[in-house]
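**Student:** Using the sequences and the accompanying hints, generate a full structural model.
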Amino acid sequence: MNLSRTTKKVIAVDFDDVLMHFNTSFLTFHNRLFGTNLVYENLTRYDDWEVVYGCDKQTMAERAKHFYHSPDHMLVPPVSGAVEAIKLLSETYSLQIVTSRPDSTRSPTLKWLDNHFPSLFHDFHFTNIYAGALNVKPKPKSEVCREIGAVLLIDDAMKHARDVAESGIPALLPDRPWNQEGEPSGVHRVHSWEEIVKWVHENV
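Every number in the numbering used here is 15 more than the matching position in the sequence shown, counting from 1.
Just so you know, the hints here were simulated from the structure itself, not pulled from any lab data.
Hints may contain errors.
[Said to hold, decoys possible] Derived DMTMM-like pairs: lysine to aspartate or glutamate, alpha-carbon spacing no greater than 20 Å straight-line:
| # | residue 1 | residue 2 |
| --- | --- | --- |
| 1 | K24 | D138 |
| 2 | K152 | D118 |
| 3 | K80 | D118 |
| 4 | K126 | D87 |
| 5 | K72 | D118 |
| 6 | K174 | D190 |
| 7 | K126 | D32 |
| 8 | K24 | E162 |
| 9 | K102 | D129 |
| 10 | K213 | D190 |
| 11 | K154 | D62 |
| 12 | K80 | D63 |
| 13 | K23 | E217 |
| 14 | K24 | E217 |
| 15 | K174 | D32 |
| 16 | K174 | E65 |
| 17 | K213 | E99 |
| 18 | K154 | D178 |
| 19 | K152 | E162 |
| 20 | K102 | E217 |
| 21 | K24 | E158 |
| 22 | K80 | D32 |
| 23 | K80 | E65 |
| 24 | K174 | D63 |
| 25 | K126 | D138 |
| 26 | K174 | D62 |
| 27 | K24 | E106 |
| 28 | K80 | D62 |
| 29 | K154 | E181 |
| 30 | K102 | E209 |
| 31 | K174 | E198 |
| 32 | K152 | D62 |
**Tutor:** Dropping the structure here:
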């Protein structure tokens, strides 16, 4: 569903590793195609492609593009508890996807969402942060959140959570191996979708 206006409070929701269990499945895909032996616990440094994957950002973007448009992408499961939580939150809030994915992934991303979260999101925003192309200008998530009037961001990347919190919008940070640094003001660590729902109902 994509409506131009809503009277509900807006919650911005990241996609990868918040809704979709991306990294676990991508690691399996990457190991199979590129001969690596990576495990989930290796992912302790967000965005440090050379250390984690042994390649630069451009190469990583090309490999991710291959994954987005492969049959493997549609087989990735949702994060535990996400489906039930999103159904519940959508009854009260306008939920909008704000993802770092490039706009070129819109079709496979929306296809996956329609399969697992049909008609539960009000709008979709692709910020192109991981476009991997010099001619595509990325957009900070804080800017998108301000534009859509979001009262909260749910995101597993500390840099996005911090950026949005510094703009005056609180952020929930699902606990992941790559975001273990201390939480700055306005960023609240959570460990499950059940905890997210509880926090939202008590604070939003």
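**Student:** All the hints need checking, so say for each whether the structure fits it.
**Tutor:** Hint-by-hint comparison with the structure:
1. Taking the CA atoms of K24 and D138, the gap is about 13 Å. The hint holds against a cut of 20 Å.
2. Proposed proximity of K152 and D118 is supported: the alpha carbons are some 11 Å apart, at most 20 Å.
3. Restraint check for K80 and D118: the C-alpha separation of about 11 Å stays at or below 20 Å, so the hint holds.
4. With a C-alpha separation of about 13 Å, the suggested pair K126 and D87 falls inside the 20 Å cut-off, and the hint holds.
5. Between the alpha carbons of K72 and D118 the distance comes to roughly 17 Å, so the proposed pair stays at or under 20 Å and holds.
6. A C-alpha spacing of about 14 Å is found between K174 and D190, which places the hinted pair at or below 20 Å, so the restraint holds.
7. Distance restraint check for K126 and D32: the Cα-Cα separation of roughly 17 Å lies within the 20 Å cut-off, and the hinted pair is therefore satisfied.
8. For the hint linking K24 to E162, the alpha-carbon distance of about 13 Å falls within 20 Å, and the restraint holds.
9. Among the hinted pairs, K102 with D129 is consistent with the structure: their alpha-carbon atoms are about 13 Å apart, no more than 20 Å.
10. A threshold of 20 Å between alpha carbons decides the hint, and for K213 with D190 the separation of about 16 Å falls inside it, so the pair holds.
11. Simply put, K154 and D62 have alpha-carbon atoms about 16 Å apart, close enough for the 20 Å limit, and the pair holds.
12. The suggested pairing of K80 with D63 holds, with an alpha-carbon distance near 18 Å, which does not exceed 20 Å.
13. Annotation: proposed proximity of K23 to E217 holds, straight-line Cα distance about 16 Å (limit 20 Å).
14. For a cut-off of 20 Å, the pair hint linking K24 to E217 stands: about 14 Å separates their Cα positions.
15. Annotation: proposed proximity of K174 to D32 holds, straight-line Cα distance about 15 Å (limit 20 Å).
16. Straight-line distance between C-alpha atoms of K174 and E65 comes to about 18 Å, which keeps the hinted pair within the 20 Å bound.
17. A threshold of 20 Å between alpha carbons decides the hint, and for K213 with E99 the separation of about 13 Å falls inside it, so the pair holds.
18. At most 20 Å may separate the alpha-carbon atoms for a hinted pair to count; K154 and D178 meet this at roughly 12 Å.
19. Restraint check: the Cα-Cα separation between K152 and E162 comes to about 17 Å, which is no more than 20 Å; the hinted pair holds.
20. Between K102 and E217 the alpha-carbon distance is near 18 Å, which keeps this suggested pair within the 20 Å criterion.
21. Only pairs whose Cα atoms come within 20 Å are accepted, and K24 paired with E158 is accepted, the gap being roughly 17 Å.
22. A C-alpha spacing of about 17 Å is found between K80 and D32, which places the hinted pair at or below 20 Å, so the restraint holds.
23. For the given pair, K80 sits about 18 Å from E65 by alpha-carbon distance, which is consistent with the 20 Å threshold.
24. Note on K174 and D63: the hinted pairing holds, with a Cα-Cα distance of about 13 Å set against a maximum of 20 Å.
25. A hinted pair counts as satisfied when its Cα atoms are at most 20 Å apart, and K126 with D138 qualifies at roughly 14 Å.
26. Between K174 and D62 the CA atoms are separated by roughly 10 Å; this keeps the pair inside 20 Å, and the hint holds.
27. About 11 Å separates the Cα atoms of K24 and E106, which keeps this hinted pair within 20 Å; it holds.
28. For the proposed pair K80 and D62, the alpha carbon gap of about 16 Å is at most 20 Å, so the pair holds.
29. Among the hinted pairs, K154 with E181 is consistent with the structure: their alpha-carbon atoms are about 16 Å apart, no more than 20 Å.
30. Taking the CA atoms of K102 and E209, the gap is near 12 Å; set against the 20 Å cutoff, the hint holds.
31. Of the pairs offered as hints, the one joining K174 and E198 holds, with about 11 Å between alpha carbons and a cut-off of 20 Å not exceeded.
32. Of the supplied pair hints, the one linking K152 and D62 holds, its CA atoms being roughly 18 Å apart against a limit of 20 Å.
Checked against the numbered hints above, the structure violates none of them.
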